[in-house]
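Sequences listed follow chains A and B, in order.
With the numbering used here, you'll find the first sequence wraps up at 268, consecutive numbering, no jumps.
With the numbering used here, you'll find the second sequence wraps up at 316, consecutive numbering, no jumps.
It is possible that some hints are incorrect.
What the hints assert, rightly or not - Pairwise CB distance ranges, derived in the manner of DEER restraints:
{"no.": "1", "chain 1": "B", "residue 1": "Pro255", "chain 2": "A", "residue 2": "Ser109", "range": "39 to 49 Å"}
{"no.": "2", "chain 1": "B", "residue 1": "Asp259", "chain 2": "A", "residue 2": "Arg108", "range": "45 to 55 Å"}
{"no.": "3", "chain 1": "B", "residue 1": "Pro38", "chain 2": "A", "residue 2": "Phe209", "range": "52 to 62 Å"}
{"no.": "4", "chain 1": "A", "residue 1": "Pro107", "chain 2": "B", "residue 2": "Pro29", "range": "43 to 53 Å"}
{"no.": "5", "chain 1": "A", "residue 1": "Ala57", "chain 2": "B", "residue 2": "Gly15", "range": "32 to 42 Å"}
{"no.": "6", "chain 1": "B", "residue 1": "Gly15", "chain 2": "A", "residue 2": "Thr59", "range": "54 to 64 Å"}
As the list claims (entries may be wrong) - From chain A, some residues computed to sit far from chain B (all C-beta separations above 12 Å):
{"no.": "7", "residue": "Tyr52"}
{"no.": "8", "residue": "Ala57"}
{"no.": "9", "residue": "Asp64"}
{"no.": "10", "residue": "Gly96"}
{"no.": "11", "residue": "Leu97"}
{"no.": "12", "residue": "Ala233"}
The set of hints was computed from the structure by calculation and includes no laboratory data.
Even glycine gets a Cβ: it sits at the ideal position worked out from N, Cα and C.
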Amino acid sequence: MSIAIAPRGNAAGLFVSTEQIARRVLLKFIRSPQLVVVGTVQGAMFLLIFRYVFGGAITTGGIDYVDFVVPGFIATGALFNGMYSSVGMAEDLSAGLIARLRSMPIPRSSVLIGRALADTAIQVWGLAITVGIGFLVGFRVHGSWGGALAAAALVVLFGFVFEWMFVFFGMIAGSAQAAQGFALIVFPFTFVSSAYIPVATMPSWMRGFAENQPVTVMVNAVRTLTQGGPAEALLGHPASYFIVRSLLWSVALVAVFAPLAVAKYRRG
Amino acid sequence: MKPTLEAADLVKAFGKTRALDGLTLAIDPGQVMALLGPNGAGKTTFVNLVATLLRPDGGTLHVGGHDVARHPAEVRRLVALAGQYAAVEPTMTGRENVEMVARLFGYSQARARSDAAAVLERMGLGDAADRTVRTYSGGMRRRLDLGASLVARPRLLLLDEPTTGLDPRSRIELWDVIRSLVTNGTDILLTTQYLDEADQLASQIAIIDHGRVVASGTPRELKRSVGRSVVEVHVRETAALDRVAATLMAIGDGPLTIDVPTRSVRVALSAGTTRVFAALQPLDDTDIAIDEVSVRQPTLDEAFLALTGTSKEHAA
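With the hints as constraints, model all of the structure from the sequences given.
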């Protein structure tokens with residue numbers, strides 16, 4: 001083809017296109033008050049129920065239940081809010097927005113990276129709310145503040161990790177409603193974990209799963225980092241044990257779900 | 001002149017279904033090409049191949065001389081897609097939507113701002129530009145979608161069923177906008193199931209069925225290719241339809257259509273229309289109340305049915 005028509009102007013590079021995609025996801029969140037309010041109220045409600053209703057019946061050894069459960073909520077927030085990512089992605093697909101973006105001369109990765117970054121930023125907002133309510137109902141940092149900062153960094157990382165899974169679910173779900181259903185797959189992982197109760201009370205066959213699955217090690221990493229020695233004694237391992245395992249799980253989850261999400265996006 | 005788009009023996013299969021089965025088509029610069037066909041004919045599949053959303057399984061497809069399978073990145077710089085749905089973000093304003101697309105096409109912030117303003121004005125959305133899209137009507141959303149596609153000055157604009165689901169007035173408004181594009185160096189590939197839409201907008205029509213082109217030409221040529229004129233008689237009483245049909249049988253050729261809802265009978269004329277009025281004379285001598293008699297060229301609707309052989313109920 002010797003006389004091909006010259007392409008027009010420039011297309012946006014990775015930075016600008018990622019920024020534009022992320023901006024859109026954030027604007028959509030900020031301008032949908034129902035999402036902001038419902039998400040916040042729901043998170044607060046569960047935290048209050050566990051703190052005051054179930055909490056009295058649960059014994060957590062050397063640390064107060066509030067100090068036990070708030071790290072659980074902080075670390076699993078990404079799993080509850082992840083539903084928003086799945087639904088958002090499914091909506092974009094069925095609304096034809098993804099088709100339009102795929103027909104544009106922009107780096108294809110920017111669409112997924114932009115969404116992942118924006119959703120992670122939304123996770124940080126949810127995290128801040130949870131931490132704020134946690135402090136109001138009596139949660140305190142008993143470990144070092146350096147450890148608490150490291151815990152916060154880990155939680156942001158977990159949010160980014162799970163984002164790839166939720167985006168993938170959103171793409172294969174086909175509709176926003178199905179995406180919401182898909183996101184419920186994570187419930188066994190959040191509840192059959194150490195997030196809300198010590199796994200020691202579970203039947204032994206369940207305990208094997210509960211102790212080793214990613215949510216538990218992530219929760220325990222946050223718990224030991226914020227509560228220090230007493231939490232390490234209760235959980236039977238030092239913080240480093242949980243941190244290393246949670247990082248390994250993070251790498252594994254991204255290694256599985258990011259390529260799946262990218263492949264699905266490319267195929268359309 | 002180099003065609004803007006050239007498809008040769010294009011094949012795309014989904015499992016065992018061949019959505020495109022040897023489709024061959026060319027669009028020359030300055031054309032509005034309408035792909036006309038029933039649901040499932042392969043229209044959207046073809047548009048998605050041109051937009052690089054799908055890859056062909058066989059045959060070749062070039063846009064602006066670039067092979068879609070081998071150089072999709074070049075093709076994406078030439079085409080813009082406005083889909084069956086208005087792919088705009090409802091929580092953003094019209095202006096924000098168009099500016100985002102302009103930015104994604106690599107325009108600077110300043111250029112995106114000024115070009116978006118110009119496009120919005122042209123789409124008749126100047127006053128609504130700073131309202132969020134969720135306050136827009138369906139027609140406004142489609143116009144915004146179209147504007148977003150246009151802001152990057154595509155060489156080939158792909159409009160996949162642009163007016164599906166719109167009320168008649170919004171439809172006509174959108175038609176006016178689409179017509180005004182042709183003068184701007186943008187070629188258009190439009191799919192539609194609406195025969196009048198193709199007739200209104202297109203300079204070339206390709207009728208597709210089962211993934212291949214069954215006929216193509218200008219709207220006029222297509223109508224003429226179906227040949228003979230049609231005589232149509234509207235009566236006042238449904239009961240009279242049978243007697244009118246019997247009369248028309250004498251001068252008609254091919255299947256006779258009795259349309260009860262509109263109380264009309266029509267048939268294609270045999271070669272040589274000189275005896276039409278003589279043949280209709282007997283009707284005058286009866287007590288049948290006739291509202292209208294017309295002898296006319298076939299409509300695109302009739303051409304479509306004749307060419308595709310689709311046996312769908314012809315009550316429309």
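Hint-by-hint comparison with the structure:
1. Pro255/B - Ser109/A: 39 to 49 Å: At roughly 57 Å between Cβ atoms, Ser109/A and Pro255/B fall outside 39 to 49 Å, so the hint is violated.
2. Asp259/B - Arg108/A: 45 to 55 Å: holds (51 Å)
3. Pro38/B - Phe209/A: 52 to 62 Å: Holds, since Pro38/B and Phe209/A (Cβ atoms, about 53 Å apart) stay within the stated range.
4. Pro107/A - Pro29/B: 43 to 53 Å: violated (30 Å)
5. Ala57/A - Gly15/B: 32 to 42 Å: violated (55 Å)
6. Gly15/B - Thr59/A: 54 to 64 Å: At roughly 57 Å between Cβ atoms, Thr59/A and Gly15/B fall inside 54 to 64 Å, so the hint holds.
7. Tyr52: holds (36 Å)
8. Ala57: holds (43 Å)
9. Asp64: Holds, because the least Cβ-Cβ distance between Asp64/A and chain B comes to about 42 Å, which exceeds 12 Å.
10. Gly96: violated (4 Å)
11. Leu97: violated (5 Å)
12. Ala233: Consistent with the label, Ala233/A stays out of reach of chain B, its closest Cβ about 49 Å off (over 12 Å).
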